[in-house]
Amino acid sequence: MKKNLIALATAALMVTGAQARTLVINTDDQNPAPKEAFTYAVDTFKAKYPDINVEWNNFDREGYKTRIRNFLTADAPDVATWYPGNRMAPFVDAGLFTDISDLWAAEGLDKEMSSVEATMTRDGKQWMVPYSYYQWGIYYRKDLFDKVGVDVPETWDQLLAASAKLKSNGITPFTIGSKFKWTTGGWFDYLNLRQNGYEFHMDLTAGKVKYTDPRVQATFDRWDELVSNGYFIENHATYNWQEGMAPMVQGDAAMYLIGNFAVAPFKEAGLTEDQLGFFQFPEITPGVPMAEDAPADAFFIPSGAKNVADAKLFIAHIASPEVQTEMNKILGQLPPSSQAQVGDDKFLKAGFDMLSGAYALAQFYDRDAPAAMAKAGMDGFQEYMVKPERREQILKNLDRVVDRVYK
Amino acid sequence: MFPEPIQKRSWLAQNLYRVALPVALIIWLLPLFAVMLTALRPAGDINAGNYWGMPSDILWYENFAEVIFNSEVGPYMINSIKITVPTMLGAVGIACLTGYALAVYRFKLNLFVFFMFIAGNFVPFQILMVPVRDLTIQLGLFNSMWGLVLFHVAFQAGFCTLFMRNFIKALPYDLIEAARIDGAAEWTIFSRIVLPLMRPAIAALCVLIFTFIWNDFFWATVLIQSEADMPVTGGLKALNGQWVARWHLVSAGSIIAALPPVFMFFAMQKHFIAGLTLGATKG
Amino acid sequence: MMLTTQQKRALTPWLFMAPGIVMFLVYVIWPIGQSLRLSFYQWDGLSPPTFIGWENYIELWYDPTFVVALKNNVIWLVLYMLAVPFGLFVALFLNQTVTGIRLVKSLFFFPFVISQVVVGLVFAWFYDPNNGLLNIVIGWFGMDPVSILADEDLVTYGIIAAGLWPQTAYCMILYLTGLNSVSPDVVEAGKIDGARGWSMLWHVVLPQLRPATFIAVVVTVIGALRSFDLIAIMTQGGPYQQSQVLAYYMYENALSEYGYRMGYGSAIATVLFLIMMVYIAGFLYKMYRDEQRS
Numbered sequence: 001m002k003k004n005l006i007a008l009a010t011a012a013l014m015v016t017g018a019q020a021r022t023l024v025i026n027t028d029d030q031n032p033a034p035k036e037a038f039t040y041a042v043d044t045f046k047a048k049y050p051d052i053n054v055e056w057n058n059f060d061r062e063g064y065k066t067r068i069r070n071f072l073t074a075d076a077p078d079v080a081t082w083y084p085g086n087r088m089a090p091f092v093d094a095g096l097f098t099d100i101s102d103l104w105a106a107e108g109l110d111k112e113m114s115s116v117e118a119t120m121t122r123d124g125k126q127w128m129v130p131y132s133y134y135q136w137g138i139y140y141r142k143d144l145f146d147k148v149g150v151d152v153p154e155t156w157d158q159l160l161a162a163s164a165k166l167k168s169n170g171i172t173p174f175t176i177g178s179k180f181k182w183t184t185g186g187w188f189d190y191l192n193l194r195q196n197g198y199e200f201h202m203d204l205t206a207g208k209v210k211y212t213d214p215r216v217q218a219t220f221d222r223w224d225e226l227v228s229n230g231y232f233i234e235n236h237a238t239y240n241w242q243e244g245m246a247p248m249v250q251g252d253a254a255m256y257l258i259g260n261f262a263v264a265p266f267k268e269a270g271l272t273e274d275q276l277g278f279f280q281f282p283e284i285t286p287g288v289p290m291a292e293d294a295p296a297d298a299f300f301i302p303s304g305a306k307n308v309a310d311a312k313l314f315i316a317h318i319a320s321p322e323v324q325t326e327m328n329k330i331l332g333q334l335p336p337s338s339q340a341q342v343g344d345d346k347f348l349k350a351g352f353d354m355l356s357g358a359y360a361l362a363q364f365y366d367r368d369a370p371a372a373m374a375k376a377g378m379d380g381f382q383e384y385m386v387k388p389e390r391r392e393q394i395l396k397n398l399d400r401v402v403d404r405v406y407k
Numbered sequence: 001m002f003p004e005p006i007q008k009r010s011w012l013a014q015n016l017y018r019v020a021l022p023v024a025l026i027i028w029l030l031p032l033f034a035v036m037l038t039a040l041r042p043a044g045d046i047n048a049g050n051y052w053g054m055p056s057d058i059l060w061y062e063n064f065a066e067v068i069f070n071s072e073v074g075p076y077m078i079n080s081i082k083i084t085v086p087t088m089l090g091a092v093g094i095a096c097l098t099g100y101a102l103a104v105y106r107f108k109l110n111l112f113v114f115f116m117f118i119a120g121n122f123v124p125f126q127i128l129m130v131p132v133r134d135l136t137i138q139l140g141l142f143n144s145m146w147g148l149v150l151f152h153v154a155f156q157a158g159f160c161t162l163f164m165r166n167f168i169k170a171l172p173y174d175l176i177e178a179a180r181i182d183g184a185a186e187w188t189i190f191s192r193i194v195l196p197l198m199r200p201a202i203a204a205l206c207v208l209i210f211t212f213i214w215n216d217f218f219w220a221t222v223l224i225q226s227e228a229d230m231p232v233t234g235g236l237k238a239l240n241g242q243w244v245a246r247w248h249l250v251s252a253g254s255i256i257a258a259l260p261p262v263f264m265f266f267a268m269q270k271h272f273i274a275g276l277t278l279g280a281t282k283g
Numbered sequence: 001m002m003l004t005t006q007q008k009r010a011l012t013p014w015l016f017m018a019p020g021i022v023m024f025l026v027y028v029i030w031p032i033g034q035s036l037r038l039s040f041y042q043w044d045g046l047s048p049p050t051f052i053g054w055e056n057y058i059e060l061w062y063d064p065t066f067v068v069a070l071k072n073n074v075i076w077l078v079l080y081m082l083a084v085p086f087g088l089f090v091a092l093f094l095n096q097t098v099t100g101i102r103l104v105k106s107l108f109f110f111p112f113v114i115s116q117v118v119v120g121l122v123f124a125w126f127y128d129p130n131n132g133l134l135n136i137v138i139g140w141f142g143m144d145p146v147s148i149l150a151d152e153d154l155v156t157y158g159i160i161a162a163g164l165w166p167q168t169a170y171c172m173i174l175y176l177t178g179l180n181s182v183s184p185d186v187v188e189a190g191k192i193d194g195a196r197g198w199s200m201l202w203h204v205v206l207p208q209l210r211p212a213t214f215i216a217v218v219v220t221v222i223g224a225l226r227s228f229d230l231i232a233i234m235t236q237g238g239p240y241q242q243s244q245v246l247a248y249y250m251y252e253n254a255l256s257e258y259g260y261r262m263g264y265g266s267a268i269a270t271v272l273f274l275i276m277m278v279y280i281a282g283f284l285y286k287m288y289r290d291e292q293r294s
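Residue numbers (this note's numbering), protein chains in the order written: chain A, 1 to 407; chain B, 1 to 283; chain C, 1 to 294.
FYI, nobody ran anything at the bench for these hints, they're computed from the structure. Errors might be hidden in some of the hints.
[As the list claims (entries may be wrong)] Straight line, CA to CA, 20 Å or less: simulated DMTMM-like cross-link-like pairs of lysine to aspartate or glutamate:
1. A:Lys179 with C:Glu152
2. A:Lys407 with C:Asp151
3. B:Lys169 with C:Glu188
4. A:Lys167 with A:Glu107
5. A:Lys35 with B:Glu4
6. A:Lys396 with C:Glu291
7. A:Lys125 with A:Asp143
8. C:Lys105 with B:Glu62
9. C:Lys71 with C:Asp185
10. C:Lys8 with B:Glu177
11. A:Lys35 with B:Glu177
12. A:Lys210 with A:Asp399
13. B:Lys82 with B:Glu66
14. B:Lys169 with C:Glu291
Source: prediction; values computed, not measured.
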């Protein structure tokens, strides 16, 4: 009888034990390609570990950015996606991330992912493992360039000349959708990186420089050369970034400074491989080494995770060269692992070449600057693009935010 | 009756009125007609920028089917029901008790308690947001329908109590007195004598609360995070992000989300209006 | 221990009220106190809160967006009030007994039944600068398209117009009910005194509609100060914070992507609460007077 009881108890334990091998994963992109890539990662993981019961929640990208706080403090999954750099900083500082330096060492990631290691690191420890990264740059309508007779610009003057020519032919040089303000952050980043260089970008986002500084003013002078000539589409504050693609698809605008994630929607909207091209943001100040924005997307383990052991298995799975290769083929993005293969899409190749030769990689304005600064900054950039005459006032306001945020 | 009945006016005025009525109605509902028309358009029209011209084809059910079967709208609707129905029962049930006590018994703090319910009912949600979110997290009910239901029940109890108390106050008090003299227990008086008389008020409140909670967006955003538990208002916002510029789907989704309260309204119109206009007349 | 009859009688109402009072204290009254307290703290929702005295309020004073939000709240309060006369006007228009009028009344009321999320989506599309119906209509008059939701001078008015749609329907139904109970004798008496049209409306009918007007004003004030859903759907406070109102700005500071300043958010909520308290106090005072009378 007693024996039976013990057997029963062990059986019960085993049942609950088996149930306890549940892995909850939260991801943040419902667009078709990312969804498929996550599905691939989850399915191959399930096939590899059939006894782990995987619960996968996929959220929409904008909504996820607000929800992450809620679930990290209230109802943590075992693995989740997020952005490295300053975007992970408050969570790491609040002890909401699990230190996965051991995993980095065990999987040899410090070698395979050395190019992105710095942004995954805080306080000398690694907190995230990237699954993908992508270039920013100028996507353009090749056929429109040909029709009007302009070449791909390599310097700022060439870009201005090309813009003038497009404009005089009834084509707006640049489209943008600034309803969600981060697209304006891309513009500021590139103008600033080309005007003042990578070190200045890092100093500015670290609060060491004021926004009324003459060097930032110079960045805005360049911006002015586009804005005051009407080189951006009208009403861009009404559109989100996807809606901003429409004028380019319809042939009313020729260029879009955006990340490589825009390629898939561009093609879905009907642009062919021959119509769409990519070029690196042109040089502004000669001699300033060319740094690029190349944000990475990554996985981490919340400190509230209930199943850390299996979470580490999952992250190791994500870090493996095969999974990195396949996921990024589906995504149309670049694999952070040097052991993985870059897909043979021409945009990826162009991006990979550009980033391999880059002087340094910045994450992005809203990942390099702290959240409160990024928000105020991008509000200001958006306002500037609509009302360029308010520049002085906007920059003064930003200085006040600098004083508060970096105190 | 004011204004003067149109039948007493001139022939011209009568006919003008007859024309003006449908014209005004069409202008008033123009945004809705636009939505309905769009929900019947094929995707090709939307892509070609044909929003307002003749539809190239009328799809009576395809877009709706697409939304119901190929998006999360179905589960969202079920979540909305799971949140709305328990809230309705809870809030109205509690208010029956509180309203009865405030209407029938005389005690020192009566007006104070009554005013607390009224005042609380009017406060801006934002002053409750952070603490209610924390409380829900601590109760382990964050991101679950029960967390949302508990809050809604508590908050709506304020409005419902105001309503019930005034309704019961207008009932003949003699009935209760007579029952007391017969020696009936307080609970019996409530459940056997007063409760049956409260039926119209209960019906009115149920319809109102159903509509309020169904349409709630703010608290769903604050207390629910996962798609799996999101009611249809929050879900529609997420889908709008997903269906960029696919207005035929947004329109079809909006119509589906609006159907239950609209149906409720038409089915229970008399009660609904009685509830909303409480106090709009004297006596 | 046995209770005396008197004690029992004193206890009874409290037993009836217990569930309601407990729920209300926990979910409404206590959180108000907590928020007031939190407005003196700095708190990111992650690490423990730190007491900072009046600093949140001092920052509010210098925060340009807060000033915009406050100003917009005033615009909302003033313009949202148009729902009251609009509602009265529609009610007068519909207060007839012709065939099908019941259905027409219900259809006019329709916008109020729909969620504000849907109203916001519908109007955002209505205003769309490329394909929106509004711009097509103004195009017929040869005007250039306007992008209402991206124009800092128009955006708040555009959102308020969307809000007026359901709110007018609400006020209309209040007045329709009120008109039903206007006593015919008084109207007849007014006629004998020579009142016609406007003077009849102003001097005879409106005084009788006082209760309806009162409720319409109260619900409209609350609606104006609670304006959250439409802004969340249509603009999220943009362009560059120009359509911000206190209700949304509070949420943005406390819970949005770049936010999580719970203390600062609570300070904004406190300001909103104090504005609302003025109205609540007025409402309670009127209720109190009515109670004393009956």
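Hint check:
no., hint, verdict
1, A:Lys179 with C:Glu152, "holds, 13 Å"
2, A:Lys407 with C:Asp151, "violated, 34 Å"
3, B:Lys169 with C:Glu188, "violated, 32 Å"
4, A:Lys167 with A:Glu107, "violated, 52 Å"
5, A:Lys35 with B:Glu4, "violated, 64 Å"
6, A:Lys396 with C:Glu291, "violated, 56 Å"
7, A:Lys125 with A:Asp143, "violated, 48 Å"
8, C:Lys105 with B:Glu62, "violated, 31 Å"
9, C:Lys71 with C:Asp185, "violated, 46 Å"
10, C:Lys8 with B:Glu177, "holds, 17 Å"
11, A:Lys35 with B:Glu177, "violated, 68 Å"
12, A:Lys210 with A:Asp399, "holds, 6 Å"
13, B:Lys82 with B:Glu66, "violated, 23 Å"
14, B:Lys169 with C:Glu291, "holds, 11 Å"
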